[in-house]
Amino acid sequence: MHARIVTCFLVTFFLLFTQVSGLVAQPRFHEVADPGGFEFFESYIIPIPDGGRSLLIGCFDMAKPAVALEQKAWTEFGEKNGFGLMSIGFKPGPGIRDKDVVGRELARLIDEAVAEAFPGNPKRIGYARNWGAEWFLRAIQADPEKWSFWGVCGVMDYPFAPRGRKEAGFPPGLIMNDDPALYRESWEYFMDLRKIDPANQKMTYIGSNRKQLDSAFLNRFFRQYVGAVYSGKVEGQGYWLAGFGAEGPPQEGKSQWTHHSWLPNAEVAGAWKLLNREAPQPPGSSRERITFDSEVGEDEVWLHIPGEMASDSALPARTVMLWLTRRTDEGGTEKAVKNQNDPVIRFAELNRIPVFCWNAGRVWTEDPLQISQELPEGRKEQADHEFVKIGDAMVEAIRRVCRDRGWPDAGWLLSADTVASRYGLMMAQAYPFIGVQLHSATGYEELVKEPTVPWLVTSGWNDGSAPETRQFAVKANQEKWPVLYKKYPAMGHSLRWDQRTLAAQFFDHVLWLRDGGAKEYPWFGDWNKPPLPKEYRVVENEDGEVQQPDLPDDFRRGDYAPDRPKPSSIGEWFSESLTRGFLIGDWRQGNLLHPDDQKVTTPWWRVRLPNRELAEAWRVIHTDFPDLNENEVTVLAEYEKRIAEDDEATARYEESQKKAKEAAEKEQKNE
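Residue numbers for the sequence shown follow the working numbering, beginning at 1 and rising by one.
These aren't lab readings, by the way, just hints derived from the structure by calculation. Misleading hints may appear alongside valid ones.
[What the hints assert, rightly or not] Restricting the straight-line Cα-Cα distance to at most 30 angstroms, the calculated cross-link-like pairs of lysine-lysine (DSS-like) are:
#	residue 1	residue 2
1	Lys91	Lys146
2	Lys72	Lys273
3	Lys380	Lys449
4	Lys487	Lys338
5	Lys64	Lys99
6	Lys475	Lys519
[To be verified] Cβ-Cβ distance ranges computed for the label pairs, FRET-style:
#	residue 1	residue 2	range
7	Glu288	Gln237	50 to 60 angstroms
8	Asp214	Gly82	22 to 32 angstroms
9	Arg104	Lys338	36 to 46 angstroms
10	Asp214	Asp98	30 to 40 angstroms
11	Glu308	Arg496	25 to 35 angstroms
12	Leu315	Ala33	44 to 54 angstroms
13	Phe160	Thr291	49 to 59 angstroms
14	Gln382	Arg642	47 to 57 angstroms
Note that the Cβ used here is the ideal one computed from N, Cα and C, for glycine as well.
Please construct the entire structure, taking both the sequences and the accompanying hints into account.
Structural data, given as structure tokens:
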């Protein structure tokens with residue numbers, strides 16, 4: 001039996017601990033019984049308030065549908081305007097290649113979810129961002145009559161605009177583009193929709209071919225726009241504005257008016273102008289080249305200073321990050337730290353974390369970028385010896401910069417990838433970092449010091465370091481080291497957005513632990529009492545009874561003795577959260593496991609995950625996992641058979657014990 005994808009993350013935990021203002025209703029989980037050609041389709045919902053009449057359906061993040069309903073901005077928006085809320089997450093199955101077919105199937109799943117959770121066919125408002133937006137937009141086009149308004153942002157691939165709908169009508173919408181690279185496609189789609197009926201088709205466009213627009217501003221504009229329309233704050237017939245400020249009503253049959261946007265009132269029109277033309281740029285980040293001398297000669301690191309800190313040097317740094325990588329192109333290191341599309345750099349920018357970046361090309365000039373076993377004798381050892389001399393000098397140089405600027409000179413984050421991850425592994429054992437992320441590292445077999453702080457170790461499926469990384473992860477699990485593991489399909493030793501997304505979420509979790517986040521664990525106060533606290537057991541069976549997930553052996557052995565010391569360090573708390581983790585991933589198939597499937601998934605495929613946020617980032621992948629090979633299918637079937645036999649034997653034993661007890665009680669009564 002292949003593992004089902006988890007359809008319910010720590011929902012009860014979420015319900016108990018999410019803070020919302022006022023009397024905003026709490027979200028509940030809802031799933032469609034038959035996702036059809038999708039691998040999963042799930043939603044979190046807040047009912048329509050009394051007196052309300054509309055439903056806002058959002059695809060904010062395909063992998064994290066619960067997150068939007070944790071945000072006050074959305075829950076209060078729904079309460080204020082009388083909207084029910086539904087946040088959906090989904091993943092199209094690998095067998096569907098036609099995007100329009102995916103859109104129609106998604107429309108069916110949305111219909112089914114709405115019919116079950118919101119009887120009465122409420123008016124629908126739709127909003128989708130980024131990766132899910134291209135599917136969501138196709139779902140709207142598949143059945144436009146069911147939508148009263150819609151908005152999309154960051155669509156990667158627009159469908160062909162519908163034609164011949166002047167009489168039938170097409171719902172008004174808001175098209176927002178936050179990426180200059182996609183400006184032309186989004187603008188052309190907007191104009192195609194306006195051509196349906198230039199005099200009346202109400203469409204609005206926001207975008208720029210020059211600058212990145214902040215998603216927070218765009219989310220707020222969507223709420224402002226919809227709130228104005230649905231609360232009746234439309235001034236007259238509204239405003240028609242062109243992209244650069246021209247005003248006036250569109251004229252029947254005049255194609256030149258297709259670039260006009262409709263705005264409901266002067267206030268929203270003012271916000272639209274600011275976003276389109278006059279939005280203030282966030283403070284610009286800066287880069288500096290810092291040189292230092294080592295025993296092998298002069299070297300350099302590039303320093304990225306977040307925008308807020310660049311404009312105000314008095315702002316404190318939350319911590320400092322050292323990034324070891326390998327770049328072969330000229331100026332590649334500077335380009336790497338400037339790349340705001342890199343989730344880790346973006347994380348550092350938003351969290352006031354200066355990043356020092358070193359290029360391993362200084363000691364490793366060979367191609368390919370990965371250290372393989374096919375090397376001249378002694379070459380790897382020579383490079384290792386060089387790096388030891390460079391590494392010590394580099395750390396001292398960075399510490400001097402940090403002291404001069406009032407930044408932390410210890411307790412840093414470490415990120416390392418490609419060939420440089422070997423040297424990252426060496427540094428992780430030599431210096432007191434608080435969190436370590438290694439991708440495609442070699443040298444685990446030469447480990448001389450076990451991890452005492454959280455480590456994230458990843459590799460690509462086609463990566464020569466994959467076997468060594470996996471063996472290390474297995475040992476880390478056995479020894480209860482604070483190590484999280486992931487293997488990415490269709491990937492070698494290079495970087496990719498899904499791998500970097502997990503790295504950014506990992507660093508966020510490390511800082512959360514450093515800043516006392518462990519106090520939020522439900523078991524913090526009575527942390528050593530088995531089994532797991534009731535609020536951590538969140539999956540109910542058909543009878544409404546809470547099911548206990550498969551527990552680690554520690555609970556059965558009684559390792560949680562009352563006198564066991566409470567964890568006192570970041571690494572100890574991370575290890576504890578892995579041991580207690582309700583969420584388990586299957587690294588071979590990329591799934592999060594439902595409790596029913598945890599025991600029938602081979603132990604050597606299991607990865608324990610410390611919390612829901614990391615679990616959701618862990619399951620995000622760019623490409624599908626390869627199918628199980630014949631040997632894996634056989635081994636899995638044998639394991640499932642053995643588990644089933646054990647369950648049957650246990651059931652027979654329990655039944656015999658029950659009958660024996662009943663017989664004894666009957667005999668006692670007769671006496």
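Can you give the numbers of the hints that this structure goes against, from lowest to highest?
-> none
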